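Q: Residue-level listing of the chains:
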Amino acid sequence: MKFSNGFSIGQFIPGESFVHSLDPRCRITGMFILLVLPFSAEKPLDFVPAVFCLYVISAASRIPFAKLLRSGRPVLFLIAFTAILNLFWTPGHEVARLGPLRITSEGINLAFCMSLRIYCLVMTAAVLMMTTSPMDFASGAERLMSPLALVKFPVSEIAMMMTIALRFIPTLFDESERIMKAQISRGADFESGGLIKRARAYIPILAPLFIQVFTRADSLATAMESRCYVPGAPRTRLNPLVWSARDTAAMACAVAFVVFSAVWNRYI
Amino acid sequence: MEQGPIFSIQGAEFSYKGASSPAVKNVDLSVASGEWVALLGINGSGKSTLAKMMNALLIPTRGACFVMGMDTSDPELAAAIRQNVALVFQNPDDQIVASIVEEDVAFGPENLGLPSETIRARVDRALRLTGLSEMRRRGSYSLSGGQKQRLALAGALAMEPEALILDESTSMLDPEGRASFLNCLRELNARGITIVQITHRMEEVAHASRIVVARSGEVAWDGSPDFFWEEKCAGFGFDIPQELELLRSLRDGGFVPAGTKPAVHDLLEALCL
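Keeping their order, the protein sequence lines are chains P and Z.
Numbering-wise (numbering that gives the first Met the number 0), the first sequence opens with residue 0 and increments by one.
Numbering-wise (numbering that gives the first Met the number 0), the second sequence opens with residue 0 and increments by one.
Derived DEER-like restraints, expressed as beta-carbon distance ranges:
#1 P:66 with Z:238: 47 to 55 Å
#2 P:72 with Z:68: 54 to 62 Å
#3 Z:222 with P:151: 54 to 62 Å
Which chain P residues face chain Z? A few, computed with CB under 8 Å, are given here:
#4 11
#5 163
#6 166
#7 219
#8 223
#9 225
#10 227
#11 234
Chain Z regions said to be covered by chain P (calculated; three or more residues, Cβ under 8 Å):
#12 73 to 83
#13 98 to 110
#14 136 to 150
Hint data in this document are derived by calculation from the structure and do not stem from the laboratory.
As the structure is a prediction and not an experimental result, all values here were calculated from the model.
All C-beta atoms, glycine included, are put in the ideal place defined by N, C-alpha and C.
Modelling step: build the complete structure from the supplied sequences, incorporating the hints.
A: Written out as structure tokens, the structure reads:
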């Protein structure tokens, strides 16, 4: 049994692709622009440009599309839950009846669109995190949020927190697996029984995991302090952010594609 | 001009909040530039507290600690002290901040506000010294335990310190990783970097120029390794390393000259001569 099976959000994959070479500010802003596609879609066919766009980005970042598709696995439960809610509780023209529950054509459309929307959102976030190292992501986010510093928002501290949170995702999964295996070796059972029994079985994992997280946070804070980190103090960068012509071109392409798709969906 | 000691601890005492007795007490210790000091002691003997005092992470509650003449109790001097004294901890996973090898090495110099070119030069040098140049773009999570520890060392070296404090930094390494890490330390010490190595392993202190034993928060013994091996090792409850047993037999048989260090490398060298 593997705790992190298929979980790939937040796992940066180093590479030398075109997408990897873009400025992180371009990648973050581009992600928000491209999210307009799934969020403006009103019928299943409207998602074609969004999926096509994700396919092109995965090719340009040399990340297999199948890997990108797998990144949505952790939210399948949420998607199923949302789909069921929309399917049975959307008013409209009834097409079928399951006891007291009515299924409407509008409900089918909404359930389908909502599921695809969430899946596209997760895939878009995943491709960003797979192509952007936590340090790059943090410094990109820090620069984009820099106007907030004028109102005393702790921008650099938030950026450092993001870096550390993303850096520790794989470490925490490793730790969870280690604890889980230790509990299994002592007779713990995580795979049988109902939902409540299974949820209860995870308590012996969460307690030591929380303790480890706090101990690790304390050690990391000491190590960072010993390496001259001072919260809020100005820092320089090994790779300073440089906005180049290719970033402008990539951004223009993203905007043009979103506008084109919006027009296409509306009139075609 | 005579150079002052790198570390000068004078009558230092430190108590953690809520503790019934001090973790460190009545410590007087002076470490000269270029020395390799092995700090030995059982768990709870105050070794790690002493290491943190030497990096201005803990301030003595009584007495004083000076690093290159700078008083660690002066908060204004903390950054200058930490630039000159780098600390490497036991678990590399607790000190690696970034996901990419070179980005983690650059973390310290970035905090110093150095220009990018200077940071790049320091990162290149630290990676070369620790043999990680080929892995600079790799994810830090994908490294082996030994490589992670070398990464932690590279992060410390990028600060271009005068002294390195290693707090049981080899305890999580396999024999091969430990040998490679110790070779790296030998090279650094040969370049003039002062090393204070906290360890439990007797076989690791063979290269030290001086041994300090901590017991119940105090310095129980401070002297030369030769005397320690001959007279004190067993007296403090430490196991005599196999290398030392072998050295004694070889020396008694006249196979190696007196003064050969009880390390495999030195034994082989002496036998081959």
